[in-house]
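Mind docking chain B with the ligands on chain A? Use the hints.
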Amino acid sequence: MMSSIPSPIPVLSPLRMQRHPRAVVALMVVLLFAGGGLMMHAESQIQVLGLLAAFLAVFAIADRTPLGQEISAMCGDYGGFANGVAFVCALSLIAVFHGEHYTLLMLATVALFSTACIALNLQLAFAGIANFAGAAFFVLGSYTAAVLTAYTEVPHLMILMVAGLVTGATGVILLLPVLRTRGHYAALVTIAFGLLLRSLLEVNDTLGGPQGMKIKGFSAFGLDFNLISSIGPWDVSFYLPYAVLSISIFAVAFTLIRRIERSWIGIALDTVRCDETAASVFGLSIARWKVVAFLIGNAVIGVAGALYGMMNGFVTPNGSGLGDSLLMLSIIVLGGLGNFWGAVVAAMVILVIPEKLQAIQEYRLLIFALLVLAILLFRPSGILPRPIRDLSRFIGRPGADA
Amino acid sequence: MSAPLLTCGGLTMRFDGLVALDGLDIEVAKGETVGLVGPNGSGKTTFFNVVTGLYKPSAGSVLLDARDLFAKPPQMIGRAGVARTFQRSRLMLDQSVFDNIVVGALCRLDLGLLTNLFRRRRWSDELGLMFERARALAQRFNPVIADRLFQPAGSFTMIDRRRIEICRALIGTPRLLLLDEPSAGMTHDETRQLMDDLLAFRQEMPDLAVILVEHEMDVIRRVSDRCVVLNFGRKIFEGSFDALIANPDVQTAYLGVSQ
Ligand SMILES: Nc1ncnc2c1ncn2[C@@H]1O[C@H](COP(=O)(O)OP(=O)(O)OP(=O)(O)O)[C@@H](O)[C@H]1O
Ligand SMILES: [Mg+2]
Numbered sequence: 001m002m003s004s005i006p007s008p009i010p011v012l013s014p015l016r017m018q019r020h021p022r023a024v025v026a027l028m029v030v031l032l033f034a035g036g037g038l039m040m041h042a043e044s045q046i047q048v049l050g051l052l053a054a055f056l057a058v059f060a061i062a063d064r065t066p067l068g069q070e071i072s073a074m075c076g077d078y079g080g081f082a083n084g085v086a087f088v089c090a091l092s093l094i095a096v097f098h099g100e101h102y103t104l105l106m107l108a109t110v111a112l113f114s115t116a117c118i119a120l121n122l123q124l125a126f127a128g129i130a131n132f133a134g135a136a137f138f139v140l141g142s143y144t145a146a147v148l149t150a151y152t153e154v155p156h157l158m159i160l161m162v163a164g165l166v167t168g169a170t171g172v173i174l175l176l177p178v179l180r181t182r183g184h185y186a187a188l189v190t191i192a193f194g195l196l197l198r199s200l201l202e203v204n205d206t207l208g209g210p211q212g213m214k215i216k217g218f219s220a221f222g223l224d225f226n227l228i229s230s231i232g233p234w235d236v237s238f239y240l241p242y243a244v245l246s247i248s249i250f251a252v253a254f255t256l257i258r259r260i261e262r263s264w265i266g267i268a269l270d271t272v273r274c275d276e277t278a279a280s281v282f283g284l285s286i287a288r289w290k291v292v293a294f295l296i297g298n299a300v301i302g303v304a305g306a307l308y309g310m311m312n313g314f315v316t317p318n319g320s321g322l323g324d325s326l327l328m329l330s331i332i333v334l335g336g337l338g339n340f341w342g343a344v345v346a347a348m349v350i351l352v353i354p355e356k357l358q359a360i361q362e363y364r365l366l367i368f369a370l371l372v373l374a375i376l377l378f379r380p381s382g383i384l385p386r387p388i389r390d391l392s393r394f395i396g397r398p399g400a401d402a
Numbered sequence: 001m002s003a004p005l006l007t008c009g010g011l012t013m014r015f016d017g018l019v020a021l022d023g024l025d026i027e028v029a030k031g032e033t034v035g036l037v038g039p040n041g042s043g044k045t046t047f048f049n050v051v052t053g054l055y056k057p058s059a060g061s062v063l064l065d066a067r068d069l070f071a072k073p074p075q076m077i078g079r080a081g082v083a084r085t086f087q088r089s090r091l092m093l094d095q096s097v098f099d100n101i102v103v104g105a106l107c108r109l110d111l112g113l114l115t116n117l118f119r120r121r122r123w124s125d126e127l128g129l130m131f132e133r134a135r136a137l138a139q140r141f142n143p144v145i146a147d148r149l150f151q152p153a154g155s156f157t158m159i160d161r162r163r164i165e166i167c168r169a170l171i172g173t174p175r176l177l178l179l180d181e182p183s184a185g186m187t188h189d190e191t192r193q194l195m196d197d198l199l200a201f202r203q204e205m206p207d208l209a210v211i212l213v214e215h216e217m218d219v220i221r222r223v224s225d226r227c228v229v230l231n232f233g234r235k236i237f238e239g240s241f242d243a244l245i246a247n248p249d250v251q252t253a254y255l256g257v258s259q
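As given, the protein sequences belong to chains A and B, one line each in that order.
The letter at position 46 of the first sequence is residue 46 when you use our numbering, and the numbering goes up by one with no holes.
The letter at position 165 of the second sequence is residue 165 when you use our numbering, and the numbering goes up by one with no holes.
The shape of chain A in the complex, shown without the other chains (with noise of 0.2 Å):
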């Protein structure tokens, strides 16, 4: 053996960045969020053509130059102060809009849907399970917002965990019956669900039939989110409520299947997806994981779903339909699956540049049928593929990450 390997001389050495780690990935995640908030708040198509341009730079370099690839690098080992940067980027957004109706209620709303994309992570790209009934779940959440704040006089803070433990439990009543059987059963049954939910929904007159129900305003902490339209010396728009609180949903959904993805659970659920044999022979019990993966991806975006029905102040059947969950579960193939940033970046794409560019927007299903197919072709693994779990940066510090 050689006693002495030339370590590799970092490109970023002439620029001593490597010395101030956090500083580099603090600024990346800054610009980053900077650029995706002008996008949100851009108004002429040249800014959006623009911004699209410079995002697409930006991945290129990070994706194909070394110093791109080491500062992407830099942001995965400071990924948790990474994620603690967003979400200080993300408050201060909203208070950059605090006025604008538009864009706080498009960063909500992105959000949201990103909350739910995870939670579809955590079932599709953990624990296997293709739920093609994402948006069912997520209108079932609404739904029940609508129902209890119409009919009862439940906190809203406890409808939010009631939406979630409804669909929760709808989940699991839809999955046990299919847990024995292999193969592609729990995804029919999905899709089923979502089918019959629709129809359901439509016919009955309770709900509202196909014209739905008008939702109550969140309000929490003796505030009517409705209702408020000045902070301080500040006139807000009454959505900004709803982007903090959203964003909040976001980062305690992000943590907590974060962290199960970091620990002996992630590693179970690997194992009950990529080979349920093995898993077996080693003690795992697949019914349980996939169980728990199920319930508690349902659960939350059950609870995302609710806070996004109280937030329009109206939810429909339209929205739950098949082609609504297959734009879900696209997002995150789209996106990378397991990457939750991946998500985010793709439910931008898919959420916001529709809004944005008009000449696309009669195209943009087809648009993004065409992205999602190019991507599956030339970049199987998503935007921002998966990275492999290292769980030595957690020996000796439980907090490190997330």
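Keep in mind the hints are simulated off the structure, nothing from the lab.
For each residue, glycine too, the CB sits at the ideal point set by N, CA and C.
Just so you know, not all the hints are guaranteed correct.
Output of the computed footprint for chain B on chain A, the stretches with three or more beta carbons under 8 Å from beta carbons of chain B [stated by the list, open to error]:
no. : stretch
1   : 259 to 265
2   : 269 to 278
3   : 282 to 294
4   : 386 to 395
Just chain B with the ligands now, kept in the frame of chain A:
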């Protein structure tokens, strides 16, 4: 010799018309290494699959330490202390070596949601423990693996993957270890090395019972206390290696002469 750990009686496995195991009686004592040999298709892997619960046997009995494991679900058998490797490697190639190895002990770790999500200190302590164990095991079979525990298993050679599989089977401190052709694809020297490592490990776990399926007779001679020969799912010989070599039935079976 101590009391038998594994007792199989009249074990029979039929696939439609084919009888893959035919009234097989096998006993393995604590601390014993049994070499299981037989021509291709004689039922060795089927025997492992039946013992580990992957196949539901058609008839017979399986007892581990007087506990009935006949036709029980695999996870129950795994938890009872039976571990194995597979003839065709089954690793999660995209996951790290450590993740793969720790799977072997997972069902003995604290899998509670509360601990894994919120009592991270407690979890991290357990992680540290498992890391040390995985490293020590990997170190024994190939130090290169020990140095690269957090790289994807798919980045290793086939031979190292077999070693990783053995580490996975050992980390849960099983009572019975089933090795299905662990040296397949290895050169003579690598096979010898692997067996030396296994024997050394054996010293530390004197109670561990091992059944080794192996085509290389030299390996069988070195490591097994006793040999069992299968042919067409039936036991045609049981005894010492020297007796095996001299046995005319075994020779006929291997030379493919009709019985
Ligand atoms: N799942 C199955 N379905 C049908 N037949 C099977 C199945 N598994 C094994 N067999 C048959 O049972 C017989 C025994 O196969 P087995 O794999 O146990 O042999 P083996 O001794 O391990 O052989 P080798 O040395 O090639 O690994 C073979 O004829 C095989 O085709
Ligand atoms: Mg075999």
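Each hint tested on the structure:
1. With 5 residues having a beta carbon nearer than 8 Å to a beta carbon of chain B, the stretch 259 to 265 of chain A meets the requirement of three or more and the stated coverage holds.
2. Interface restraint, the stretch 269 to 278 of chain A with chain B: holds (6 residues with C-beta to C-beta distance below 8 Å; minimum three).
3. Check on the stretch 282 to 294 of chain A: 6 of its residues sit with their Cβ under 8 Å from a Cβ of chain B, so the three-residue criterion for coverage holds.
4. Beta-carbon proximity to chain B at under 8 Å applies to 7 residues in the stretch 386 to 395 of chain A; the threshold of 3 is reached and the given coverage holds.
Violation of the numbered hints given earlier is absent; every hint is satisfied by the structure.
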